[in-house]
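Protein chains: 2
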Amino acid sequence: MNAVTDRPAAKAYASGLEARLAVRRGEHRGPTAGVAPGYVQGNLAILPKALADDFFRFCHYNPKPCPLLAASEPGDPRLPALGEDLDIRTDIPLYRIWRNGELVDEVGDLHAAWRDDLVAFLIGCSFSFEEALLDDGIRLRHIEQGTNVPMWRTNITTQPAGPFRGPMVVSMRPLQPADAIRAVQITSRFPSVHGAPVHIGKPESIGIADLTRPDYGDAVEVRDDELPVFWACGVTPQSVIAAVRPEYSITHAPGHMLVTDLRNSRLSVL
Amino acid sequence: MNAVTDRPAAKAYASGLEARLAVRRGEHRGPTAGVAPGYVQGNLAILPKALADDFFRFCHYNPKPCPLLAASEPGDPRLPALGEDLDIRTDIPLYRIWRNGELVDEVGDLHAAWRDDLVAFLIGCSFSFEEALLDDGIRLRHIEQGTNVPMWRTNITTQPAGPFRGPMVVSMRPLQPADAIRAVQITSRFPSVHGAPVHIGKPESIGIADLTRPDYGDAVEVRDDELPVFWACGVTPQSVIAAVRPEYSITHAPGHMLVTDLRNSRLSVL
Numbered sequence: 109m110n111a112v113t114d115r116p117a118a119k120a121y122a123s124g125l126e127a128r129l130a131v132r133r134g135e136h137r138g139p140t141a142g143v144a145p146g147y148v149q150g151n152l153a154i155l156p157k158a159l160a161d162d163f164f165r166f167c168h169y170n171p172k173p174c175p176l177l178a179a180s181e182p183g184d185p186r187l188p189a190l191g192e193d194l195d196i197r198t199d200i201p202l203y204r205i206w207r208n209g210e211l212v213d214e215v216g217d218l219h220a221a222w223r224d225d226l227v228a229f230l231i232g233c234s235f236s237f238e239e240a241l242l243d244d245g246i247r248l249r250h251i252e253q254g255t256n257v258p259m260w261r262t263n264i265t266t267q268p269a270g271p272f273r274g275p276m277v278v279s280m281r282p283l284q285p286a287d288a289i290r291a292v293q294i295t296s297r298f299p300s301v302h303g304a305p306v307h308i309g310k311p312e313s314i315g316i317a318d319l320t321r322p323d324y325g326d327a328v329e330v331r332d333d334e335l336p337v338f339w340a341c342g343v344t345p346q347s348v349i350a351a352v353r354p355e356y357s358i359t360h361a362p363g364h365m366l367v368t369d370l371r372n373s374r375l376s377v378l
Numbered sequence: 109m110n111a112v113t114d115r116p117a118a119k120a121y122a123s124g125l126e127a128r129l130a131v132r133r134g135e136h137r138g139p140t141a142g143v144a145p146g147y148v149q150g151n152l153a154i155l156p157k158a159l160a161d162d163f164f165r166f167c168h169y170n171p172k173p174c175p176l177l178a179a180s181e182p183g184d185p186r187l188p189a190l191g192e193d194l195d196i197r198t199d200i201p202l203y204r205i206w207r208n209g210e211l212v213d214e215v216g217d218l219h220a221a222w223r224d225d226l227v228a229f230l231i232g233c234s235f236s237f238e239e240a241l242l243d244d245g246i247r248l249r250h251i252e253q254g255t256n257v258p259m260w261r262t263n264i265t266t267q268p269a270g271p272f273r274g275p276m277v278v279s280m281r282p283l284q285p286a287d288a289i290r291a292v293q294i295t296s297r298f299p300s301v302h303g304a305p306v307h308i309g310k311p312e313s314i315g316i317a318d319l320t321r322p323d324y325g326d327a328v329e330v331r332d333d334e335l336p337v338f339w340a341c342g343v344t345p346q347s348v349i350a351a352v353r354p355e356y357s358i359t360h361a362p363g364h365m366l367v368t369d370l371r372n373s374r375l376s377v378l
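These protein sequence lines are chains S and U, in that order.
Using my numbering, the letters of the first sequence correspond one by one to residues 109 to 378.
Using my numbering, the letters of the second sequence correspond one by one to residues 109 to 378.
Treat the hints as calculated values from the structure; they're not laboratory data.
Among these hints, one or two may not hold up.
[What the hints assert, rightly or not] Derived CB-CB ranges, DEER-like: (1) D333(U) to D193(S): 45 to 55 Å; (2) G270(U) to L378(S): 52 to 62 Å; (3) E312(S) to T320(U): 19 to 29 Å; (4) V377(S) to R247(U): 26 to 36 Å.
[As the list claims (entries may be wrong)] With a Cα cut of at most 30 Å, we get these calculated DSSO-like pairs of lysine-lysine: (5) K310(U) to K157(U); (6) K172(S) to K310(S); (7) K157(S) to K172(S); (8) K310(S) to K157(U); (9) K310(S) to K310(U); (10) K172(S) to K310(U); (11) K172(U) to K157(U).
[What the hints assert, rightly or not] Per the computed footprint, the stretches of chain S lying under chain U, defined by three or more beta-carbons under 8 Å from a beta-carbon of chain U, are: (12) 309-321; (13) 344-357.
The beta carbon of each residue, even a glycine, is placed where N, CA and C say it ideally should be.
Modelling step: build the complete structure from the supplied sequences, incorporating the hints.
Below, the structure written as structure tokens:
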């Protein structure tokens with residue numbers, strides 16, 4: 109699952125740091141959508157060092173589905189590039205622990221689960237570019253309907269790195285053509301949160317047979333005067349990791365993201 | 109008609125100035141496509157001062173179909189913004205003279221046709237953004253087939269100014285979706301030569317009933333895996349002027365453009 113799960117608004121904090129401290133103190137336990145408007149949220153993947161180097165290369169080779177915002181040093185729970193007072197073991201409301209690809213636990217902090225060989229990866233999420241689209245007056249149906257964005261596995265391949273390989277997963281937002289053009293312009297400015305769309309208008313060309321039946325998330329209507337617009341999706345790294353069945357790994361629980369000190373607007377390259 | 113008429117390559121000169129001097133000396137008499145690769149070419153419209161102010165406003169209000177590169181002072185045949193040694197009366201290979209909206213003559217220079225109250229308008233043309241697309245490896249079917257780009261009148265209205273009003277005319281290039289996305293990015297950088305597309309993929313939404321029957325130019329095939337991508341077109345100001353039936357006006361003959369000293373790359377805003 110991905111970042112847009114459980115978007116209904118939570119209490120809003122004035123900054124990413126304030127939201128993170130509320131999470132750390134146990135005052136905020138739910139999904140993070142809307143908890144710090146304007147601040148970047150990230151998807152978490154934690155892997156043992158034995159796999160981390162290959163995953164790092166995988167992210168670098170596949171920046172559209174796997175835009176890497178930051179990675180920690182092995183065993184170090186800090187991510188100074190994303191926030192001064194940031195501890196990846198305590199600052200996410202809900203974590204999932206995986207062994208050999210099986211979900212074994214959901215926990216509120218990682219003090220018991222942490223190991224000295226773990227590397228934390230924070231990957232950009234569509235929240236950031238969706239905020240830019242909404243701020244521009246573009247309406248996003250899955251948000252208006254309070255559902256998860258629909259996602260599909262495609263016939264677009266990722267570039268493998270070590271054991272990490274698999275199809276690109278995409279999310280879809282229906283837009284009228286003029287908004288689709290504007291959305292290309294806006295999201296092109298945000299390469300670290302998936303960037304420009306990877307496809308517009310011909311789902312069968314990328315291996316999507318049925319727009320009414322997403323592989324993940326919830327279907328949304330595509331009206332006659334709209335084009336389906338597809339962006340590379342952060343579910344890609346999650347499904348690629350799952351396929352490797354690491355002996356040990358940790359992710360955020362769906363919708364429970366890391367809130368950073370970075371402002372969404374600062375991700376714009378122009 | 110518009111700039112992409114008669115694209116087959118002519119002799120190439122090393123600069124816009126060299127091409128212009130060859131035209132002035134009578135050494136180059138044909139269409140200007142390809143005569144000075146890398147240099148901006150412009151569409152010409154010459155109007156009496158009595159209409160020029162309204163037309164100037166029309167261009168300002170409608171920059172996508174009417175991107176104004178430069179306008180002369182009344183009676184002054186120079187356009188210093190476009191070239192140091194530039195005389196609009198002699199530097200285009202073939203002109204058309206119109207009276208009350210009727211074509212009355214085609215001439216090789218304007219010495220006999222010039223008047224002290226005439227204002228010359230130079231409007232950006234799709235040659236410039238097409239060069240940027242081709243340089244990026246995007247294939248354009250009408251160029252490969254040596255035909256004129258297909259164009260249609262749409263249901264998109266322009267903002268009127270004085271007597272100037274009418275529908276936007278668009279040109280269409282079929283592109284595979286990934287190329288369409290890239291073409292939005294590239295042409296967005298060139299607002300002075302029509303900029304980003306105005307529409308993608310749903311011709312009926314903009315009043316185009318039949319992609320096989322353009323209002324101007326030649327039809328091109330749109331394959332199953334392609335989207336029709338529509339740009340605002342320089343035929344818009346031509347058709348708007350024609351509808352006003354000015355007592356006197358002058359245009360370039362189709363495909364016979366003004367070659368300037370500006371480099372296409374310098375039109376990029378980023």
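Hint by hint, here is what the structure shows:
1. D333(U) to D193(S): 45 to 55 Å: Given range 45 to 55 Å: holds, Cβ gap about 51 Å.
2. G270(U) to L378(S): 52 to 62 Å: violated (37 Å)
3. E312(S) to T320(U): 19 to 29 Å: holds (22 Å)
4. V377(S) to R247(U): 26 to 36 Å: 28 Å Cβ-Cβ, so the 26 to 36 Å window holds.
5. K310(U) to K157(U): Outside the cut-off at roughly 40 Å; violated.
6. K172(S) to K310(S): holds (19 Å)
7. K157(S) to K172(S): holds (23 Å)
8. K310(S) to K157(U): Judged against 30 Å, a Cα distance of about 50 Å means the pair is violated.
9. K310(S) to K310(U): holds (12 Å)
10. K172(S) to K310(U): Roughly 27 Å separates the two Cα atoms, so the pair holds.
11. K172(U) to K157(U): Between K172(U) and K157(U) the Cα gap is close to 23 Å, so the pair holds against 30 Å.
12. 309-321: n = 3 at 8 Å, threshold three: holds.
13. 344-357: It is violated, with 0 qualifying residues against the three required.
When each numbered hint is compared with the structure, violations occur for hints 2, 5, 8 and 13.
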